[in-house]
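Visitor: Read off the chains here:
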Amino acid sequence: MPKPTILPFLIAALSAPATAQSAESVPEPVIPAQVERREVHIPKISANDLEIGAYTGVLSVQDFGAKSSSGLRLGYHATEDFFVEGTYGRSKVSDQSFRRLGIAIFKTEEVDLAYYYLSVGCNLFPGEVFLGKNWAMTSAVYLVGGVGNVKFNGENHTAYNFGLGIRALPVDWFSMRFEIRDHMFASDILGKN
Amino acid sequence: MCVLVAFVLPVSADESNERAWVADPYLELHTGPGRGYPIFDISERGERVEILGRHTDWFKVRTARGREGWVSRAQMEATLTAAGEKKTFRDVLFDDYLARRLEFGFSFGTFKRDPLLSAHTGYRLHDNFLVELTVAQSAGDFSTTSLLYGALVSQPFPDSRWSPFFALGAGRFTNTPKSTLVSAIETRGDVANAAIGLRYYVTRQFFLRVEAKRHVTLVNYDSTNAYTELSAGAAFFF
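Read top to bottom, the protein sequences are chains V and Y.
If you're matching positions, the first sequence starts at 3 in the numbering used here and goes up one per residue.
If you're matching positions, the second sequence starts at 137 in the numbering used here and goes up one per residue.
Everything labelled a hint here was simulated from the structure, so no lab data went into it.
Among the clues, some could well be false.
To be verified - No more than 16 Å apart at the CA atoms, straight line, and that leaves these computed lysine to aspartate or glutamate pairs for EDC-like:
(1) V:K153 with Y:E186
(2) V:K46 with Y:E186
(3) Y:K314 with V:D190
(4) Y:K314 with V:E157
Unchecked claim - Chain Y regions said to be covered by chain V (calculated; three or more residues, Cβ under 8 Å):
(5) 189-202
(6) 344-350
Said to hold, decoys possible - A few chain V positions that, by computed beta-carbon distances, are all more than 10 Å from chain Y:
(7) Q36
(8) L52
(9) A68
(10) V122
The beta-carbon is built from N, C-alpha and C at its ideal position, and this holds for glycine as well.
Turn these sequences into a full structure, and let the hints steer you where they fit.
Guide: So this is what it looks like as structure tokens:
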């Protein structure tokens with residue numbers, strides 16, 4: 003075992019005053035001090051607690067049909083069990099089915115929907131996904147829920163979301179997720195909340 | 137064996153990796169960064185391990201025999217760093233903690249009875265003082281209020297697990313009434329606030345906080361409004 007030692011330093015410390023005292027006679031040192039300098043440094047260990055990602059999916063808005071939605075996600079793993087995340091996503095909402103009946107809800111047929119959430123997640127079931135004989139990915143099932151804001155047809159609404167997902171990591175720096183979320187907010191756009 | 141193959145990275149004896157010596161009877165290598173992942177190998181006392189990275193409180197190590205797995209912080213604390221026997225891993229991790237200056241958090245609460253969502257980032261200037269920048273939005277039944285302000289926060293007992301704090305801040309606000317309301321006029325102005333709160337450190341990186349804040353909005357020269365905010369949230373250090 004390559005055990006670190008302080009012996010060379012001790013030899014150096016003891017031999018220094020001795021040579022100073024007898025500087026005039028200059029005797030040959032019995033053992034020449036060969037101090038091997040040890041480089042002391044504070045270990046820097048890279049942490050990968052922060053995640054940056056993008057997602058795409060389908061957003062179904064009650065009474066208004068489903069449209070594709072995509073967004074960005076910033077996550078931070080606080081402990082092995084809990085993580086926090088911020089998400090921002092966009093989608094479109096169409097009142098086409100109302101227009102077919104001759105009732106326009108929005109000024110244009112399609113309006114923007116944007117949302118952001120700050121959520122807390124909990125990893126429930128750690129496990130592994132096996133792909134064939136030679137490849138395994140660590141995985142986890144997680145629950146997530148949070149608070150945010152939905153901007154829809156020009157109005158802001160305080161919104162809540164919760165969901166369930168599964169995450170798998172083919173390599174340490176890349177994860178894949180599949181999740182289902184429910185977004186809840188009160189809107190008076192159809193005449194009542 | 138298939139577990140091992142999944143963790144092999146295309147890295148050959150990288151000199152930049154930290155090395156440590158196992159001081160416990162053995163280190164347990166898990167397949168993933170969590171106590172639920174199975175133990176598939178061990179490293180014995182006196183063996184050298186390379187530290188490849190960290191995820192939360194788990195360290196990814198490569199043993200002398202070339203196997204890679206995850207070791208808990210509790211076990212790593214007993215290993216010795218290459219710097220020498222005197223400085224154990226526990227001290228190294230504690231130094232790391234003290235060096236943290238930047239924090240980020242978010243909270244949820246009420247603002248004049250409407251729900252309020254806020255995010256803040258803080259930078260520690262001194263043991264007892266930090267500066268914070270907060271953005272907040274409250275989407276109520278009748279209007280949406282947005283706030284952006286900076287604050288100076290004082291923490292008289294920064295080392296204690298339950299740490300109270302006081303804050304003074306100033307910034308801008310915007311209030312936008314719902315467009316469906318009659319005579320909806322957007323209001324902008326300055327805001328000043330004072331807060332009192334409490335932090336609770338859950339882990340080394342993560343803490344919870346509750347606070348009560350009084351906001352005074354300066355609408356024009358002769359009118360001010362005051363609102364009380366009560367909120368609770370979580371934050372973490374980078």
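Visitor: Hint by hint, note whether the structure agrees.
Guide: Going down the list of hints, with the structure as the test:
{"no.": "1", "hint": "V:K153 with Y:E186", "in the structure": "violated, 49 Å"}
{"no.": "2", "hint": "V:K46 with Y:E186", "in the structure": "holds, 12 Å"}
{"no.": "3", "hint": "Y:K314 with V:D190", "in the structure": "holds, 11 Å"}
{"no.": "4", "hint": "Y:K314 with V:E157", "in the structure": "holds, 7 Å"}
{"no.": "5", "hint": "189-202", "in the structure": "holds (count 8)"}
{"no.": "6", "hint": "344-350", "in the structure": "violated (count 0)"}
{"no.": "7", "hint": "Q36", "in the structure": "holds, 19 Å"}
{"no.": "8", "hint": "L52", "in the structure": "violated, 8 Å"}
{"no.": "9", "hint": "A68", "in the structure": "holds, 24 Å"}
{"no.": "10", "hint": "V122", "in the structure": "violated, 7 Å"}
Checked against the numbered hints above, the structure breaks hints 1, 6, 8 and 10 and satisfies the rest.
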